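Chains as they are written, first to last, in our numbering: chain A, 16 to 124; chain B, -17 to 96.
Please keep in mind that the hints were generated in silico from the structure rather than gathered at the bench.
Incorrect hints may have been included.
[Unchecked claim] Selected chain A positions facing chain B (in silico; Cβ < 10 Å): (1) A98; (2) I101; (3) A103; (4) G117.
In this text, all values refer to a predicted model and were calculated from it rather than measured experimentally.
Just so you know, even glycine gets a beta-carbon here, dropped at the ideal spot from N, CA and C.
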Amino acid sequence: KNEVEQSPQNLTAQEGEFITINCSYSVGISALHWLQQHPGGGIVSLFMLSSGKKKHGRLIATINIQEKHSSLHITASHPRDSAVYICAASKGGAQKLVFGQGTRLTINP
Amino acid sequence: DSGVTQTPKHLITATGQRVTLRCSPRSGDLSVYWYQQSLDQGLQFLIQYYNGEERAKGNILERFSAQQFPDLHSELNLSSLELGDSALYFCASSPRGSGYNEQFFGPGTRLTVL
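All chains should be modelled from the sequences, with the hints used to inform the complete structure.
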């Protein structure tokens, strides 16, 4: 079993829908990261959080430390949100990242 | 633009060869991480350097090595290349080597081994 598990692996939705991507982890972590990878390959850091909730524009990330679970929400989804979303846990003194498998999100117009 | 640069963007080479990937961190960042993204293994941590010193090692093969130079840029050396080494290689930088700090990713180097 992977230390970081994401669901769903693939998600297709219509423009305007509310999107939720889930991430569960099985190890103690110091922070949970949400990353976005576009088809060109580049990776962008969306959020880093260790407790509670963070919001940036239409994106919201939450984490429940007791349940070892995090969610990424996208409100009013748009085709430009189509990408792979990856959660990663940072652990250990060096804060190396352990990655989930990624969720491929497709938003149709 | 994260401020992290990687060269080259693409690299095509043959089995048995040796290549060097280069990463320049964001201005002021002391820590550099190297990651490999392959189709079958996903993203994996390879190695971390902090201010010139190796800080942590992950699933890095013995054929691979890295270093961080006094100007803080880092190089990842891959030798005796095999077909399975074909992957996207990312570096990321962060201000510190430990603790709660965000990592900023470079655009990646796509390595194809033929």
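Take the shortest C-beta to C-beta distance between A:A103 and chain B; is it under 10 Å?
8 Å, holds
Chain B contact restraint for A:I101 - C-beta distance below 10 Å
The hint holds - A:I101 has a Cβ within 10 Å of chain B, the shortest such distance being about 7 Å.
Satisfaction of the A:A98 interface hint, Cβ to chain B closer than 10 Å
Hint on A:A98: violated, closest Cβ of chain B at ~14 Å, above 10 Å.
Using 10 Å as the Cβ threshold, decide whether A:G117 counts as touching chain B.
7 Å, holds
When each numbered hint is compared with the structure, a violation occurs for hint 1 only.
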